[in-house]
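Participant: So you can see what is in the structure, the chains are spelled out below.
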Amino acid sequence: MGLKMQSHHSVAVRLNEQLGTKRKYTFINRVWFPKILVVWIMFMAFVSRVLYDSMDADNKERRKEVLVSMCDQRARMLQDQFSVSVNHVHALAILVSTFHYYKNPSAIDQETFAEYTARTAFERPLLSGVAYAQRVVNSEREEFERQHGWTIRTMERVPSPIRDEYAPVIFSQETVSYIESLDMMSGEEDRENILRARATGKAVLTSPFRLLGSHHLGVVLTFPVYKFKLSPNPSVEEYIEATAGYLGGAFDVESLVENLLGQLAGNQAIVVNVYDITNRSDPLIMYGHQYQDGDMSLEHVSTLDFGDPFRKHQMICRYLQKAPTSWTVLTTAFLVFVIGLLVGYMIYGAAIHIVKVEDDFHEMQELKVRAEAADIAKSQFLATVSHEIRTPMNGVLGMLALLLDTDLSSTQRDYAQTAQACGKALITLINEVLDRAKIEAGKLELEAVPFDLRSILDDVLSLFSEKSRHKGIELAVFVSDKVPDIVMGDPGRFRQVITNLVGNSVKFTERGHIFVQAYLTEHAKAVMNAKAETCLNGGSEGVIPSGNCQFNTLSGCEAADDRNSWDTFKYLIADEQFQIDASNNVMTTDDTSQNVNLMVCVEDTGIGIPLHAQEQVFTPFMQADSSTSRNYGGTGIGLSISKCLVELLGGHINFISRPQIGSTFSFTSVFRRCEKNAYTDLKKPLSDDLPTGFKGQKAIVVDEKPVRAAATKYHLRRLGILVDIVGSIRMAVATCGRNGSLRSKNEMQPDMILVEKDSWISCSGLNLRQLDWKQNGHTFKLPKMILLATNISSAEFEKAKAEGFADTVIMKPLRASMVAACLQQVLGMGKKTGGRDMHNGSSYLRSLLSGKKILVVDDNRVNRRVAAGALKKFGADVECAESGKAALALLQLPHNFDACFMDIQMPEMDGFEATRRIRMMESKANEQINGGSIIEGIAKRTQWHLPILAMTADVIHATYEECLKCGMDGYVSKPFEEENLYQAVAKFFESKPSLDP
Amino acid sequence: MDVIVQLQAQFVEYTTSLYREGFLDDQFTQLQKLQDESNPDFVVEVVRLFFEDSEKLLNNLATALQQQCVDYKQVDAHVHQFKGSSSSIGAQRVKNVCVAFRNYCEEKNLEGCLRCLQQAKHEYYLMKSKLETLFRLEQEILAAGGSVPMMT
Numbered sequence: 001m002g003l004k005m006q007s008h009h010s011v012a013v014r015l016n017e018q019l020g021t022k023r024k025y026t027f028i029n030r031v032w033f034p035k036i037l038v039v040w041i042m043f044m045a046f047v048s049r050v051l052y053d054s055m056d057a058d059n060k061e062r063r064k065e066v067l068v069s070m071c072d073q074r075a076r077m078l079q080d081q082f083s084v085s086v087n088h089v090h091a092l093a094i095l096v097s098t099f100h101y102y103k104n105p106s107a108i109d110q111e112t113f114a115e116y117t118a119r120t121a122f123e124r125p126l127l128s129g130v131a132y133a134q135r136v137v138n139s140e141r142e143e144f145e146r147q148h149g150w151t152i153r154t155m156e157r158v159p160s161p162i163r164d165e166y167a168p169v170i171f172s173q174e175t176v177s178y179i180e181s182l183d184m185m186s187g188e189e190d191r192e193n194i195l196r197a198r199a200t201g202k203a204v205l206t207s208p209f210r211l212l213g214s215h216h217l218g219v220v221l222t223f224p225v226y227k228f229k230l231s232p233n234p235s236v237e238e239y240i241e242a243t244a245g246y247l248g249g250a251f252d253v254e255s256l257v258e259n260l261l262g263q264l265a266g267n268q269a270i271v272v273n274v275y276d277i278t279n280r281s282d283p284l285i286m287y288g289h290q291y292q293d294g295d296m297s298l299e300h301v302s303t304l305d306f307g308d309p310f311r312k313h314q315m316i317c318r319y320l321q322k323a324p325t326s327w328t329v330l331t332t333a334f335l336v337f338v339i340g341l342l343v344g345y346m347i348y349g350a351a352i353h354i355v356k357v358e359d360d361f362h363e364m365q366e367l368k369v370r371a372e373a374a375d376i377a378k379s380q381f382l383a384t385v386s387h388e389i390r391t392p393m394n395g396v397l398g399m400l401a402l403l404l405d406t407d408l409s410s411t412q413r414d415y416a417q418t419a420q421a422c423g424k425a426l427i428t429l430i431n432e433v434l435d436r437a438k439i440e441a442g443k444l445e446l447e448a449v450p451f452d453l454r455s456i457l458d459d460v461l462s463l464f465s466e467k468s469r470h471k472g473i474e475l476a477v478f479v480s481d482k483v484p485d486i487v488m489g490d491p492g493r494f495r496q497v498i499t500n501l502v503g504n505s506v507k508f509t510e511r512g513h514i515f516v517q518a519y520l521t522e523h524a525k526a527v528m529n530a531k532a533e534t535c536l537n538g539g540s541e542g543v544i545p546s547g548n549c550q551f552n553t554l555s556g557c558e559a560a561d562d563r564n565s566w567d568t569f570k571y572l573i574a575d576e577q578f579q580i581d582a583s584n585n586v587m588t589t590d591d592t593s594q595n596v597n598l599m600v601c602v603e604d605t606g607i608g609i610p611l612h613a614q615e616q617v618f619t620p621f622m623q624a625d626s627s628t629s630r631n632y633g634g635t636g637i638g639l640s641i642s643k644c645l646v647e648l649l650g651g652h653i654n655f656i657s658r659p660q661i662g663s664t665f666s667f668t669s670v671f672r673r674c675e676k677n678a679y680t681d682l683k684k685p686l687s688d689d690l691p692t693g694f695k696g697q698k699a700i701v702v703d704e705k706p707v708r709a710a711a712t713k714y715h716l717r718r719l720g721i722l723v724d725i726v727g728s729i730r731m732a733v734a735t736c737g738r739n740g741s742l743r744s745k746n747e748m749q750p751d752m753i754l755v756e757k758d759s760w761i762s763c764s765g766l767n768l769r770q771l772d773w774k775q776n777g778h779t780f781k782l783p784k785m786i787l788l789a790t791n792i793s794s795a796e797f798e799k800a801k802a803e804g805f806a807d808t809v810i811m812k813p814l815r816a817s818m819v820a821a822c823l824q825q826v827l828g829m830g831k832k833t834g835g836r837d838m839h840n841g842s843s844y845l846r847s848l849l850s851g852k853k854i855l856v857v858d859d860n861r862v863n864r865r866v867a868a869g870a871l872k873k874f875g876a877d878v879e880c881a882e883s884g885k886a887a888l889a890l891l892q893l894p895h896n897f898d899a900c901f902m903d904i905q906m907p908e909m910d911g912f913e914a915t916r917r918i919r920m921m922e923s924k925a926n927e928q929i930n931g932g933s934i935i936e937g938i939a940k941r942t943q944w945h946l947p948i949l950a951m952t953a954d955v956i957h958a959t960y961e962e963c964l965k966c967g968m969d970g971y972v973s974k975p976f977e978e979e980n981l982y983q984a985v986a987k988f989f990e991s992k993p994s995l996d997p
Numbered sequence: 001m002d003v004i005v006q007l008q009a010q011f012v013e014y015t016t017s018l019y020r021e022g023f024l025d026d027q028f029t030q031l032q033k034l035q036d037e038s039n040p041d042f043v044v045e046v047v048r049l050f051f052e053d054s055e056k057l058l059n060n061l062a063t064a065l066q067q068q069c070v071d072y073k074q075v076d077a078h079v080h081q082f083k084g085s086s087s088s089i090g091a092q093r094v095k096n097v098c099v100a101f102r103n104y105c106e107e108k109n110l111e112g113c114l115r116c117l118q119q120a121k122h123e124y125y126l127m128k129s130k131l132e133t134l135f136r137l138e139q140e141i142l143a144a145g146g147s148v149p150m151m152t
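Read top to bottom, the protein sequences are chains A and B. Residues in the first sequence are numbered from 1 upward in steps of one, following full-length UniProt numbering. Residues in the second sequence are numbered from 1 upward in steps of one, following full-length UniProt numbering.
No lab work stands behind these hints, which were simulated from the structure alone. A few of these clues could be false.
[Stated by the list, open to error] Interface residues of chain B toward chain A, partial, derived using beta-carbon atoms under 7 angstroms:
#, residue
1, Q32
2, L34
3, D41
4, F50
5, F51
6, E55
7, S88
[Unchecked claim] Computed beta-carbon distance windows for the label pairs:
#, chain 1, residue 1, chain 2, residue 2, range
8, A, E466, B, T63, 52 to 62 angstroms
9, A, A425, B, I4, 39 to 49 angstroms
10, A, A350, B, A100, 33 to 43 angstroms
11, B, G112, A, S462, 47 to 57 angstroms
12, A, A889, B, D36, 41 to 51 angstroms
13, A, A350, B, D71, 34 to 44 angstroms
14, A, T384, B, D36, 30 to 40 angstroms
15, A, E363, B, E106, 29 to 39 angstroms
16, A, A889, B, T63, 52 to 62 angstroms
17, B, A100, A, A421, 28 to 38 angstroms
18, B, E55, A, T384, 38 to 48 angstroms
19, A, E466, B, D2, 35 to 45 angstroms
20, B, A100, A, P610, 43 to 53 angstroms
Every residue gets a Cβ at the ideal spot worked out from N, C-alpha and C, and that includes glycine.
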């Protein structure tokens with residue numbers, strides 16, 4: 001029962017616990033726990049007490065039952081024995097009446113009686129002796145006395161005084177022969193007995209008294225003996241009349257019971273008392289001690305029926321010893337209590353623990369909330385601070401730009417330019433810090449737009465071209481043909497990573513090269529494995545560089561990760577070549593998978609990363625050592641951002657670096673494949689359109705360094721030019737010559753020969769024009785000779801020209817579009833030779849904007865006026881609208897405007913909303929055009945897309961992203977700044993060749 | 001000729017002081033740069049627009065803040081406008097007050113807003129008088145037949 005209760009209790013506790021965890025702070029008040037524990041302990045004490053009591057009661061019950069059965073047994077035995085004796089006495093009575101009275105003369109005399117009774121004494125073990133007393137009335141006394149020869153005496157053994165009646169003993173058993181001639185009626189007890197016996201005709205008993213002989217307690221049994229047979233239902237008078245005498249026997253109860261008990265087991269355990277309770281108020285003891293000992297607490301009373309209805313007897317039994325304390329019960333109860341205590345304590349402990357854990361949890365939650373709040377505060381702080389820094393910085397930069405526009409001495413210009421560069425660097429840094437904060441806060445969301453990976457790599461390279469040329473390092477890019485043209489992903493973040501890595505490389509490299517390569521991860525891995533195998537099989541087939549340390553890398557300098565050297569590279573290319581030859585569809589194998597796993601390596605031959613610092617490279621603000629920042633500047637945040645970004649892009653970044661030799665950073669990223677038909681439409685704005693005019697042309701690249709040649713080939717191949725690589729000019733000449741003479745082979749004469757500057761210098765003694773082409777000159781047009789160089793001095797340039805090279809030198813780093821432009825120039829395929837580099841500053845802006853119709857949307861009159869003024873200054877035809885709605889009204893199709901500058905924050909309809917609506921309108925119209933009439937659709941391939949630029953004072957990235965999201969093409973920060981405006985506008989007006997030249 | 005030189009010197013000094021004391025920032029310079037032969041009164045025109053707008057806005061603000069139940073969104077929109085136009089003409093100090101004003105607006109701090117309104121009014125009228133003085137000087141120079149020196 002205790003256990004059951006316990007389980008209930010614990011269930012309740014558990015329930016409370018659950019409730020507690022569900023609700024926030026409602027778990028039972030912890031103050032209650034000790035109280036509940038105390039209550040529980042008390043409850044357990046109670047339970048064990050009850051248990052003890054019940055078990056004890058059981059015990060007692062059993063004890064009592066034992067007592068009862070023992071007592072009853074004894075009583076029954078006593079009674080049985082007694083009644084057996086009584087029957088015998090009865091039999092004696094009948095014997096006496098039969099032989100003494102019915103026979104005449106009497107057949108019994110004292111002698112006979114004594115002998116008979118002595119011989120039958122075994123039948124009456126309880127009786128100390130029997131005797132017969134004759135009824136003698138006073139009138140017969142004399143005769144009686146004379147007849148017997150003695151006088152009747154009283155119990156006191158003196159001659160009896162005269163009475164009505166006497167009952168002198170005439171026959172007696174030998175054991176009680178001393179009572180012969182005593183008048184039984186002289187004793188008060190006996191007299192009563194006699195009277196009662198003759199009146200009832202039954203055996204009667206006296207109350208217990210001390211027997212004469214033994215002084216034991218005893219009772220006297222008296223039977224009446226009648227002179228003749230009585231009628232069936234005699235009256236008392238008839239009884240008395242018929243009475244002849246009385247047969248009596250003394251029961252020695254004490255020895256009787258003693259004897260009896262001696263025969264029974266368990267004799268010592270109980271105390272037996274026998275009482276005569278005829279007079280209930282004063283029970284007379286018949287057996288046992290008057291002063292009761294033994295266990296008073298428990299007794300059993302059995303009534304005894306000795307055959308005398310007048311007398312009542314009972315037997316009282318009790319245990320001699322008090323019930324022994326039951327150790328089992330005590331132990332059980334105690335154990336239950338202890339178990340309950342322990343269980344209670346365990347639950348209490350658990351509850352306390354839970355409460356503690358819950359407390360901790362709440363505390364943690366609170367801390368988390370606080371930490372999050374702090375994080376948000378940090379982000380806000382960063383945003384605010386960066387904004388606050390940007391505002392004055394814009395001022396500084398603006399003023400510097402203005403300053404640079406004025407007439408300055410070269411020193412002043414230098415100072416101002418430096419200041420501007422620093423300012424720009426600072427803004428970049430702030431953006432980076434902001435970026436990192438955002439990445440950490442997980443707020444940076446990746447775009448998924450289709451983009452051209454190659455053009456992004458080209459762009460990044462072009463960013464650093466100036467620096468690399470200046471430093472004289474080779475900068476090249478190579479993208480595996482297996483990498484699809486267009487992939488889905490976040491171009492901005494991808495570009496950021498590449499820019500970071502290349503920027504770092506450029507910063508830390510003073511000589512040698514920087515080589516950016518992009519492969520599909522699977523492909524690169526397969527090749528690596530293949531290469532490892534061949535290495536194992538073929539032993540050391542790699543050329544061990546001797547003496548002058550020429551390595552088969554891009555520039556010949558040793559690179560940290562030799563996997564990228566020519567040994568591997570040629571496998572990569574060869575593999576590709578093979579695939580192309582085997583089937584024209586490059587992507588058959590990979591087409592099934594939706595993801596493009598790209599691996600990009602940026603290899604440089606810079607100062608490398610000291611071994612001890614390599615572990616910390618990706619920790620923010622950790623540069624290799626403090627001297628690094630002194631020597632090279634930078635904050636060291638770039639790589640940590642790159643790492644974050646790469647992880648966002650689904651890849652990982654790692655590097656191999658050897659101090660003083662260089663570093664190779666490689667990262668992987670996952671993009672999605674873009675469906676072909678999905679991007680054919682989009683392709684135009686995605687990448688600079690490469691001219692297709694070179695398709696099918698043939699070129700020979702003369703370069704002794706195979707890796708570099710491969711990079712060159714990569715760019716030319718993108719233009720559709722078929723490329724042959726030869727190691728030296730002589731070989732090139734030889735190839736040409738052979739081709740010339742063996743035209744039957746259906747091979748085309750090369751249209752151009754691109755000569756690496758190194759290769760040219762190594763055999764500069766030759767006059768190419770004279771030597772080479774004369775022998776077969778008349779049969780074909782001379783191929784154009786073009787020099788490829790990282791940097792070239794004017795003297796060298798002159799010399800090259802003199803030797804027959806075209807006067808355009810293709811400057812490295814190579815970019816497909818740039819190569820195309822140069823080739824166009826050289827081959828005279830005159831088209832617009834456009835390039836941003838040709839134009840600069842406001843004059844270009846003026847030319848760009850002049851005559852363009854531009855809509856300015858701003859609710860603020862002043863702002864509107866200023867914007868309009870600024871745009872007008874550059875020759876634009878400006879119209880204004882003061883709200884998003886007005887702008888929508890003006891911007892009906894077909895568009896009258898070339899561009900729209902839109903304020904973002906406007907009442908009613910903000911810039912985002914207005915743009916969204918315009919885009920929606922346009923896309924509808926586009927659908928109609930494309931779907932409606934195909935013929936017209938072909939005629940007007942151009943789709944409606946009005947360039948919309950946001951005007952905002954906010955230059956935080958988030959705003960920019962939002963701008964792009966709702967379909968804007970870019971943003972201009974307010975107030976207008978020339979450079980900013982130029983950059984924003986140039987994108988649209990430059991890439992779209994104006995209809996009128 | 002002396003008068004012109006003197007006026008020009010005064011003009012330069014005055015303008016410099018305006019920049020130095022933070023009344024104006026480089027946006028004003030940008031404005032001046034936008035002004036050319038084809039658009040001779042550009043600065044004055046823009047500034048006039050600014051004055052008109054500002055006075056209207058200040059009135060609106062005063063009314064909005066006197067309401068029983070202040071519509072802070074409305075107030076914020078006004079302040080945003082005010083900030084936009086002041087930053088467009090380069091009235092830096094007015095703009096700065098507007099920034100603080102918007103913060104109070106965000107907090108819905110009526111007291112702060114009212115204080116800012118007072119400050120904005122003060123700064124605006126100060127600005128107005130400064131600019132008017134500047135234009136008067138310009139006029140005087142032009143009237144005397146001189147040319148307004150370019151501040152770069």
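Participant: Each of the hints needs a verdict: does it hold here or not?
Facilitator: Tested hints:
no. : hint                                : result
1   : Q32                                 : violated, 11 angstroms
2   : L34                                 : holds, 4 angstroms
3   : D41                                 : violated, 11 angstroms
4   : F50                                 : holds, 5 angstroms
5   : F51                                 : violated, 10 angstroms
6   : E55                                 : violated, 13 angstroms
7   : S88                                 : holds, 5 angstroms
8   : A:E466 / B:T63: 52 to 62 angstroms  : holds, 57 angstroms
9   : A:A425 / B:I4: 39 to 49 angstroms   : holds, 44 angstroms
10  : A:A350 / B:A100: 33 to 43 angstroms : violated, 57 angstroms
11  : B:G112 / A:S462: 47 to 57 angstroms : holds, 51 angstroms
12  : A:A889 / B:D36: 41 to 51 angstroms  : violated, 31 angstroms
13  : A:A350 / B:D71: 34 to 44 angstroms  : violated, 57 angstroms
14  : A:T384 / B:D36: 30 to 40 angstroms  : holds, 38 angstroms
15  : A:E363 / B:E106: 29 to 39 angstroms : holds, 31 angstroms
16  : A:A889 / B:T63: 52 to 62 angstroms  : violated, 30 angstroms
17  : B:A100 / A:A421: 28 to 38 angstroms : holds, 33 angstroms
18  : B:E55 / A:T384: 38 to 48 angstroms  : violated, 31 angstroms
19  : A:E466 / B:D2: 35 to 45 angstroms   : violated, 52 angstroms
20  : B:A100 / A:P610: 43 to 53 angstroms : holds, 49 angstroms
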